[in-house]
Amino acid sequence: MSAKSLSKGKGRVKKKLSGSKSYLLNWSKTFRGRLTIICLIGLCLIPLLTQNRYYLGIFITAMIFSIFAASWDFLAGFTGQVSFGQAIFFGISGYITSYFIRYLYLPWWASLLIGSLVGVAFGLLIGIPALRLKGPYLGLATMVLGLIMFYTFLNVKFEPWLGGSEGISKIPQISRNAVETYYIHLIFMITSFLILIWIGKSKMGTVFKSIRDDDIGAEASGINLTKYKLIAFMISAFFAGIAGGLFAMHNRGVNPGVFQPLYSFYAIVMASLGGIATISGSALGSYFFWFAAELFSEWPDVSVFIFAIILILVIRFAEHGILKPVLERLKDIWDLVLGK
Amino acid sequence: MGVILEVKNLTKKYGGLTAVNDFSFEIKRGEFIGLIGPNGAGKTTVFNLISGFQRPNSGTIRFDGKDITGMAPYKIVNLGVARTFQLVRSFKLLTLLDNISVSCLSSRGKKVAKGHGVDEYASTILASVGLVDKARIPPIILPHGDLRKLQIGKALGTNPQLLLLDEPFSGLSHEEQDVITDLIIKLHDDGVTVFMTGHVLRELMHLVPRVIAMHQGKFIMDGTPQEVAKNKIVLEAYLGKGEVFA
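In order, the protein sequences belong to chains F and G. According to this note's numbering, the first sequence is numbered sequentially starting from 1. According to this note's numbering, the second sequence is numbered sequentially starting from 1.
Not one of these hints is a red herring.
Chain G regions said to be covered by chain F (calculated; three or more residues, Cβ under 8 Å):
(1) 76-82
(2) 87-99
(3) 102-116
In silico lysine-lysine, DSSO-like type, Cα no more than 30 Å apart, as pairs:
(4) G/114 - F/227
(5) G/92 - F/324
(6) G/92 - F/227
(7) F/201 - G/111
(8) G/92 - F/331
(9) G/134 - G/114
(10) G/8 - G/66
(11) F/203 - G/92
(12) G/114 - F/203
(13) G/8 - G/232
(14) G/75 - F/203
(15) G/110 - F/134
(16) G/111 - F/203
(17) F/203 - G/134
(18) G/110 - F/227
(19) F/227 - G/75
Hint data in this document are derived by calculation from the structure and do not stem from the laboratory. Here a beta-carbon is modelled for each residue, glycine too, at the ideal position from N, C-alpha and C.
Let's have the full structure, built from the sequences with the hints guiding it.
See below:
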């Protein structure tokens with residue numbers, strides 16, 4: 001581009017871009033922004049309604065899995081890398097966090113950070129070979145790696161080092177106070193979501209999405225695919241690791257079960273329920289999932305059956321997740337109430 | 001004016017088929033040059049080999065004196081060789097502005113975009129290909145002519161020295177062809193070396209001062225459009241052997 005043609009376009013461009021500064025203010029005035037703020041205030045007020053450890057625990061589990069599902073959504077929805085082994089990062093961080101708290105007596109937050117960083121290292125380790133694979137092959141490879149982790153940690157021969165089927169137990173919870181624990185998890189969820197959404201809207205997010213839409217085109221645009229895919233894997237692994245560490249502390253222990261493909265599927269189901277590439281949809285999916293699980297908790301066998309049916313219905317009637325249709329319905333009601 | 005691209009003895013085989021056969025040519029800096037040949041002559045393969053999307057079986061490609069044979073495509077782009085595709089490619093769910101921003105975020109694009117800011121630089125490019133009014137819409141709803149412009153814009157985002165245009169006119173109406181033609185001429189005037197393919201002779205012949213002709217993967221001749229149009233082998237390649245009535 002010559003300097004001449006650059007200066008020509010300038011005047012026209014500035015008008016279009018001036019709106020981005022007051023973005024947050026505008027957002028808070030939109031329906032979506034208002035709804036988000038109402039939901040957040042609602043979540044902050046929950047402990048006023050109940051201080052019951054059990055009920056708050058349902059919310060906490062839903063928040064932990066919101067982060068986990070969002071980490072999968074980031075990788076799959078933004079970068080187009082569909083991983084079926086998200087539980088690897090979740091599990092390894094759970095183990096490392098538990099280990100540092102239980103045996104090295106580190107404070108929970110330091111252990112959680114170390115656990116998540118080890119998750120990032122695993123993201124790098126798995127990312128490097130997985131990058132050459134596309135689509136279903138990447139899904140298969142990550143799922144098999146998850147299974148390898150599961151059986152390695154379950155193996156009797158490794159029991160002295162990895163804890164065998166018992167794993168690591170008797171970890172203290174974040175706080176004895178259920179309300180305090182609730183708020184700590186809420187802060188973790190909100191922060192994680194803000195960071196993930198912010199990355200999605202950043203320039204790096206644009207590059208991620210370009211890889212998702214057309215990887216050959218992205219390469220022809222001079223984008224180093226390996227580098228960006230690795231970064232995406234690492235960011236995703238970090239947040240899956242945060243979720244895994246929190247999950248281990250919430251359950252006061254960790255066992256090889258966390259490496260099961262089931263946990264990877266949880267993330268996928270929740271993110272898909274909410275809507276892929278939305279990040280916030282993961283929270284909706286996760287809350288929906290855990291509240292429904294609570295409703296059917298009396299009949300644990302039936303609940304799996306009902307979930308499968310719900311998932312099939314969602315895929316059939318709302319393939320882009322329930323977030324968008326729910327938002328649209330709510331907006332209609334909102335407009336009706338305000339008399340528009 | 002030095003040589004910007006030097007291709008020597010390039011050969012690419014797919015199993016028993018030789019798509020490009022011992023192909024050699026040179027392009028000088030600032031040239032405006034066409035690559036012609038009937039369908040299946042190997043034009044796109046030559047572009048794929050130059051841009052690194054395929055590796056040649058033998059032969060070398062030098063850009064600006066540097067050996068780029070078999071280099072990763074994004075590295076070649078960042079040296080200053082951008083390309084478009086015969087079938088339009090776009091980032092379907094991103095806005096046009098973001099489509100261009102991606103190229104501006106490549107390591108070569110960034111260097112130019114730095115002074116202006118990526119968004120502003122991308123808008124400038126959008127303006128120069130005539131799409132600035134559509135900056136905020138995704139490409140899925142664009143007509144084909146606009147997609148061709150977007151292709152060129154995406155290539156420009158990487159600030160190329162050499163631009164490879166693969167069939168930039170295919171699927172366009174005459175009016176749309178004229179718009180793209182003007183755009184390409186403007187780019188060449190701005191100092192970009194342009195190398196383009198086409199299988200319909202008429203479009204290219206009026207545009208470029210020099211043409212390379214190929215047929216069945218082989219180099220046939222190199223010259224002005226008039227010389228090439230008179231060449232017996234070229235005519236045979238297009239029309240088949242026998243009497244030429246043209």
